[in-house]
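Visitor: Residue numbers (the working numbering), protein chains in the order written: chain C, 1 to 144; chain E, 145 to 573.
The reader is advised that the hints may include incorrect statements.
[To be verified] Just the calculated beta-carbon pair ranges, DEER-fashion:
# : chain 1 : residue 1 : chain 2 : residue 2 : range
1 : C       : Ser-114   : E       : Thr-188   : 23 to 29 Å
2 : E       : Val-428   : C       : Asp-11    : 39 to 45 Å
3 : E       : Tyr-433   : C       : Pro-40    : 52 to 58 Å
None of these hints come from the bench; they were simulated from the model.
Here a beta-carbon is modelled for each residue, glycine too, at the ideal position from N, C-alpha and C.
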Amino acid sequence: MSNSVRHVPRDQLVETVAELRDEGYVSVLDVTAVDYLEHPGRTDLPPEVAPERFELVVTLISHAAPGRTRLRVQVPAGDPTVPTLFDLYPGTEALEREVADMFGIVFEGHPDPSRILMPPDWEGHPLRKDFAVGHIPVQFKATR
Amino acid sequence: MSASEVVAAAASDEAVRRRDHSAVLRIGEDDGERLEAEAGAGDTRMIMNMGPQHPSTHGVLRLMLEMEGETVMRSKPVIGYLHTGMEKTAENLTYLQGPTNVTRMDYASPLFSELAFSLATEALLGLEPPPRATWIRMLMCELNRISSHLLFQATNGMDIGAVSMMIYGWREREEALRLLETITGLRMNHNYIRPGGVAADLPDGWRDQVLGLMDALPPRLDEFDTLLTGQPIYRERLQGVGVINSAECLALGVTGPILRSTGYAWDLRRDMPYLAYDHVDFDVVVGTYGDCFDRYAIRLNEIRESIGILAQILDQMPPGDYRVQDKKVTPPPRARIDESMEALIHHFKIFTEGFKVPAGEVYAAVESPRGELGCYMVSDGSSVPYRMHIRGPSFVNLQTLPHLMQGGMVADAVAIISSVDPIMGEVDR
Numbered sequence: 001m002s003n004s005v006r007h008v009p010r011d012q013l014v015e016t017v018a019e020l021r022d023e024g025y026v027s028v029l030d031v032t033a034v035d036y037l038e039h040p041g042r043t044d045l046p047p048e049v050a051p052e053r054f055e056l057v058v059t060l061i062s063h064a065a066p067g068r069t070r071l072r073v074q075v076p077a078g079d080p081t082v083p084t085l086f087d088l089y090p091g092t093e094a095l096e097r098e099v100a101d102m103f104g105i106v107f108e109g110h111p112d113p114s115r116i117l118m119p120p121d122w123e124g125h126p127l128r129k130d131f132a133v134g135h136i137p138v139q140f141k142a143t144r
Numbered sequence: 145m146s147a148s149e150v151v152a153a154a155a156s157d158e159a160v161r162r163r164d165h166s167a168v169l170r171i172g173e174d175d176g177e178r179l180e181a182e183a184g185a186g187d188t189r190m191i192m193n194m195g196p197q198h199p200s201t202h203g204v205l206r207l208m209l210e211m212e213g214e215t216v217m218r219s220k221p222v223i224g225y226l227h228t229g230m231e232k233t234a235e236n237l238t239y240l241q242g243p244t245n246v247t248r249m250d251y252a253s254p255l256f257s258e259l260a261f262s263l264a265t266e267a268l269l270g271l272e273p274p275p276r277a278t279w280i281r282m283l284m285c286e287l288n289r290i291s292s293h294l295l296f297q298a299t300n301g302m303d304i305g306a307v308s309m310m311i312y313g314w315r316e317r318e319e320a321l322r323l324l325e326t327i328t329g330l331r332m333n334h335n336y337i338r339p340g341g342v343a344a345d346l347p348d349g350w351r352d353q354v355l356g357l358m359d360a361l362p363p364r365l366d367e368f369d370t371l372l373t374g375q376p377i378y379r380e381r382l383q384g385v386g387v388i389n390s391a392e393c394l395a396l397g398v399t400g401p402i403l404r405s406t407g408y409a410w411d412l413r414r415d416m417p418y419l420a421y422d423h424v425d426f427d428v429v430v431g432t433y434g435d436c437f438d439r440y441a442i443r444l445n446e447i448r449e450s451i452g453i454l455a456q457i458l459d460q461m462p463p464g465d466y467r468v469q470d471k472k473v474t475p476p477p478r479a480r481i482d483e484s485m486e487a488l489i490h491h492f493k494i495f496t497e498g499f500k501v502p503a504g505e506v507y508a509a510v511e512s513p514r515g516e517l518g519c520y521m522v523s524d525g526s527s528v529p530y531r532m533h534i535r536g537p538s539f540v541n542l543q544t545l546p547h548l549m550q551g552g553m554v555a556d557a558v559a560i561i562s563s564v565d566p567i568m569g570e571v572d573r
């Protein structure tokens, strides 16, 4: 039983996943993302990986030699696009739609790039760190 | 212009080919009406809406069905009606408050979300809970698996038209929930499994109560067999309906009873053991045909396996602490607060600012009644998670619906939704 983490450049993601599929990684379990905008300091990246605002996290599982591999992909804020994994693993469709909905990361070549959890006319991407949590302003007597 | 033409017009050749052969209807949520209006006289297909307020959709699942007469051609599950931003909420709750949040995701098997969250937190902390905590967690999870599968028996029976099953399944489930209530204080949303261990030790008389449940359930499961398994109407409704194979399941990332119904034996408890599952002996139940009946039978027999696991847990339950003795993580006992200044400070610190967790990222997974439930957690060294993501098995499993329903009747669609057993709280989070 092994668990490994690999840092993959964005343009090599599809090839890496295709290689892993040939190595016996039968399923993509999870596709998610992290917005590192407000993170105080990232120390877990190897020196050759330049940190970017977004990080796409893809978790694959191998059954023959039980183990999971987690791919971490840096995605810049200025160009938040990633190639879709739909053609390799159709099960990523809903997961990628969720990441697109919540983080505004665009999956190029995705067959259904619509919002999945938020209403279709929603503005903004809720899990971004600069998306303010909605609130009703409280009027304190002292501030009047 | 037919629905498929509209979709085709907006896409590349490759995508068109894929979509035309796909079971998934990929149109916008409110395109149905427009397509209906634009359809020509020769186009007999129509887009039908099912849900989100529909008794057989197990909550608030909406389905767009492309129908040819009464046959479902393509379909699209539309979700998000129960979305409350629980992952965003988690970024404002300390690690001690976190289980209160995640327990509300999969409300039919809440302890599994708590367990995944706690395992992830403990992995970041580098903390090993004491053996008794591990075994209590296993006991609770198996009880919860039983109650969740009993709920499935109830709702599945009701969806198929065996309405009396609803009463029996609910009655048996209540027995299991009563036991969970005795131990945790709550029927659901327990907040019992917490980072470092569990919230409280097992109460006096727990062993007799578990034994009572283990005695009471098997004859009732045999009654289910009599009522359902051998019943021709029930079999007719389920056998050969909603068929999927192992390769399709793996490609779609499906786990749990749906994957096992295809004859593919994969269970994290056996194949990637966590807690102390390598110390108990049980069978991974698999099906043969991957149809609704196999999925029903697997869940029924998994209850029997869980009862077997319970017996082994009773034999092997170790004495000792039920939570880790780390004063930075575990709140002190109430009596200590009156005696010790340090205990009072620890109590105050843990419940106000929480405990700090070293920076890092981790993925922890458990086998929930619905499949692999994973928790991806990123810590920035503070006392709240920087990011907390739950990989809900229902969310991924829901993608099988279009593939299972294609070519079937609307009545089959009801049986299929039921056999996938989605919990919308976990789908939408």
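Visitor: Taking the hints in turn, state whether each one holds.
Guide: Taking the hints in turn, this is what the structure says about them:
1. At roughly 26 Å, the beta carbons of Ser-114(C) and Thr-188(E) sit within the given window of 23 to 29 Å.
2. Distance hint check: the CB atoms of Val-428(E) and Asp-11(C) are about 40 Å apart, consistent with the given range 39 to 45 Å.
3. Our hint of 52 to 58 Å for Tyr-433(E) and Pro-40(C) holds, since their Cβ atoms are close to 54 Å apart.
In this structure, every one of the numbered hints holds.
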